[in-house]
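Protein chains: 2
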Amino acid sequence: MVYLDHASATPVDPRVLAFAGRFLSEEFGNPSTLYTLGLSARQALEEARARVAALVGAEKPASIVFTGSATESNNLAIRGTALRNRKDGKKLLVSAIEHISVLNPMKDLQKQGFDLGVIPVDPAGIVDLGALEEQISPETVLVSVNYANDEIGTIEPIAKIARIVHEKGRYLHVNATAAAGRVPIDVERDGIDLLTLSSNDLGGPRGAAALYIRPGVKVQAVMPGGGQERGLRSGTENLFAIAGMGEAARLSADEMEAEMARERSIRDGLVREILTIDDSYLIGHPEQRLPGHASFRFSRIEGESILLNLDTFFGIQVATGSACSSRTLEPSHVLLAIGLEHAEAHGSVVMTLGRSNVPEDVPYVADAMKRTVERLRAISPL
Amino acid sequence: MVYLDHASATPVDPRVLAFAGRFLSEEFGNPSTLYTLGLSARQALEEARARVAALVGAEKPASIVFTGSATESNNLAIRGTALRNRKDGKKLLVSAIEHISVLNPMKDLQKQGFDLGVIPVDPAGIVDLGALEEQISPETVLVSVNYANDEIGTIEPIAKIARIVHEKGRYLHVNATAAAGRVPIDVERDGIDLLTLSSNDLGGPRGAAALYIRPGVKVQAVMPGGGQERGLRSGTENLFAIAGMGEAARLSADEMEAEMARERSIRDGLVREILTIDDSYLIGHPEQRLPGHASFRFSRIEGESILLNLDTFFGIQVATGSACSSRTLEPSHVLLAIGLEHAEAHGSVVMTLGRSNVPEDVPYVADAMKRTVERLRAISPL
Chain C
1 MVYLDHASAT PVDPRVLAFA GRFLSEEFGN PSTLYTLGLS ARQALEEARA RVAALVGAEK
61 PASIVFTGSA TESNNLAIRG TALRNRKDGK KLLVSAIEHI SVLNPMKDLQ KQGFDLGVIP
121 VDPAGIVDLG ALEEQISPET VLVSVNYAND EIGTIEPIAK IARIVHEKGR YLHVNATAAA
181 GRVPIDVERD GIDLLTLSSN DLGGPRGAAA LYIRPGVKVQ AVMPGGGQER GLRSGTENLF
241 AIAGMGEAAR LSADEMEAEM ARERSIRDGL VREILTIDDS YLIGHPEQRL PGHASFRFSR
301 IEGESILLNL DTFFGIQVAT GSACSSRTLE PSHVLLAIGL EHAEAHGSVV MTLGRSNVPE
361 DVPYVADAMK RTVERLRAIS PL
Chain W
1 MVYLDHASAT PVDPRVLAFA GRFLSEEFGN PSTLYTLGLS ARQALEEARA RVAALVGAEK
61 PASIVFTGSA TESNNLAIRG TALRNRKDGK KLLVSAIEHI SVLNPMKDLQ KQGFDLGVIP
121 VDPAGIVDLG ALEEQISPET VLVSVNYAND EIGTIEPIAK IARIVHEKGR YLHVNATAAA
181 GRVPIDVERD GIDLLTLSSN DLGGPRGAAA LYIRPGVKVQ AVMPGGGQER GLRSGTENLF
241 AIAGMGEAAR LSADEMEAEM ARERSIRDGL VREILTIDDS YLIGHPEQRL PGHASFRFSR
301 IEGESILLNL DTFFGIQVAT GSACSSRTLE PSHVLLAIGL EHAEAHGSVV MTLGRSNVPE
361 DVPYVADAMK RTVERLRAIS PL
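Protein chains in written order, with the UniProt record's numbering: chain C, 1 to 382; chain W, 1 to 382.
Quick caveat, the hints were computed from the structure, so don't treat them as lab data.
There may be inaccurate statements among the hints.
No copy labels: a pair is met if it fits in one copy or bridges any two.
[Said to hold, decoys possible] Cut-off 30 Å, straight-line C-alpha distance, at most; resulting in silico cross-link-like pairs (BS3-like, lysine-lysine):
(1) 370 - 168
(2) 87 - 111
(3) 87 - 107
In this text the structure is predicted, and so the values were computed from the model without any measurement.
Pulled out of the complex, with its shape left as it was, chain C reads as follows:
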């Protein structure tokens, strides 16, 4: 098996399990309780918070709020910030290539009377800074742009975007689910007000995610309850997942430089080999992209057929379109936003690398791709 779909699910790092496993059945205390077991749970929670803060350059650990998923972090960032600051303006902006868990909360706010603008991207997926400057106004309370896109790999010029947002508008939310732990992020250097990152994308367990909230940014809770996480995210803290996320964040920070180089080299090999196939094209930015990310399109065949063939005959797992929408028949809105035709968008394949991938994957995957594309084109009616 060669697993190349780390953007949709990542196996938990064994070192993370070794660290966090004890919070399941031994140190299982509820951090809100007052006895020793609860106090040590609270301590583990705060240690995880500090580790996640360190990964993204947050000066104060308290600026990290733990949630249950990246979807929930995005909801808290978007609905929580827009609703809390609505008296200052009801304009929202998103890039045209945001994840559905950013787009849908935005559309929900639109139904509640907010005005939603969409900022276009260029064919490589880079946000159009001129369009952003034109659309932003003092009534714009929130702009949301992904750090890197999970489908096309393109990394956005976040620091430049932040400067434009802060000149005329209010807050910048950055969904860094696909980027955190894979490229260096620094909320201070980049000027980010709210940042989403998920545990599983770092190699931690599902069930935890975080939202960085710059001190002073006003956000309201979107899921009322017991008032955990400074009142911003109610529910007993999932300590196993949170402590695991903390350890995964620490490992990611420590190993990022080496892992980036390692994955980039494997990725470059895949791109080089796969682009030798006739009528194949790289999707997204050629350089300004996640080091472990490669996405392609192939004329005259469907991404879904490629996916199934690679899985069945070669034990290779890849994605087509975004993982979250791959059960629908609609072409990905991200691929349409970078200017692909419907037919072109349907022929896409996304490969996202992780720790399990090795240089030997390159010839195996490239050969499998060549044979798969050849076979499918031979039977294609197009």
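We have chain C; now place chain W onto it with these hints.
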């Protein structure tokens, strides 16, 4: 260590870990993906759904929606149902002893224009059925009553409540977080429209919970995103926690009868011995209560001091008030609702049993309680 606070956190059953551990690092696929690893993840997800459905007598597994926490299930049940059915009425009812993750979503709806009524309970914590009948009207779209209360242990006459709700009003939501897996629940027999249950209370991992939604009941999503769980709960499914919840549900169903008898016998021993202490009182209903639940109050001393003494000198963990609010200084609203004075409410201790407890705990805990109460009263200024 004698752990007697299972209502606030329960160690994950080792059999659950043995079953569900593989979903962390081996069968880690995203159930929304189309290749084999994703399809087997989808299968495990549906198997867990069937197991949870079976635990509560739900005829169709599809009526179970997985969420990330009981707080989230309560939010989905309450906000999702009220908002979806607001054109049919804007009246809501809750009992006076609901959990804060039920009360706060209700109060949130009140701010949005809903009318919220509170149904009183008697001194044993039983909902006043006459008051319910008086307050309910055809405009009442949702009534929420807990199956059993986690602080006082009292089990509500849910079938009778359901009959009253359905005669005049619309839907009954039941928070069964404290009851599920501990007493037999049957959504058909009991006439429940929406039922919350959590993984950890069953002995499963945190990070999963469920909401049973009777077929035909209209609910809207409260956390927009990728549209997982029939569009009702977005976010990649936390398969480890969900599969663990399924296995915990299966074990709970299989072993419930024996475990109820076992815990009841230990609990009865604790009650008998502890009530020999001067000026000690049982809180909640003497018989109609969770089998593993005992709650007491002691005159002239603070529950918090008892808790710390038992932890420090005897390695015994108990709760005072609800786990979720035990960091505030306010007396529990549940204890005030059953008619306790502030001072009385402050002297409360809650013991909730689980699989780790054994009959030998009775003499040890009873002796520790006696010595602790004696010591604290000796230094009490009251």
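Worksheet item: Hints broken by the structure, by number, lowest first?
Response: Failing hint: just 1.
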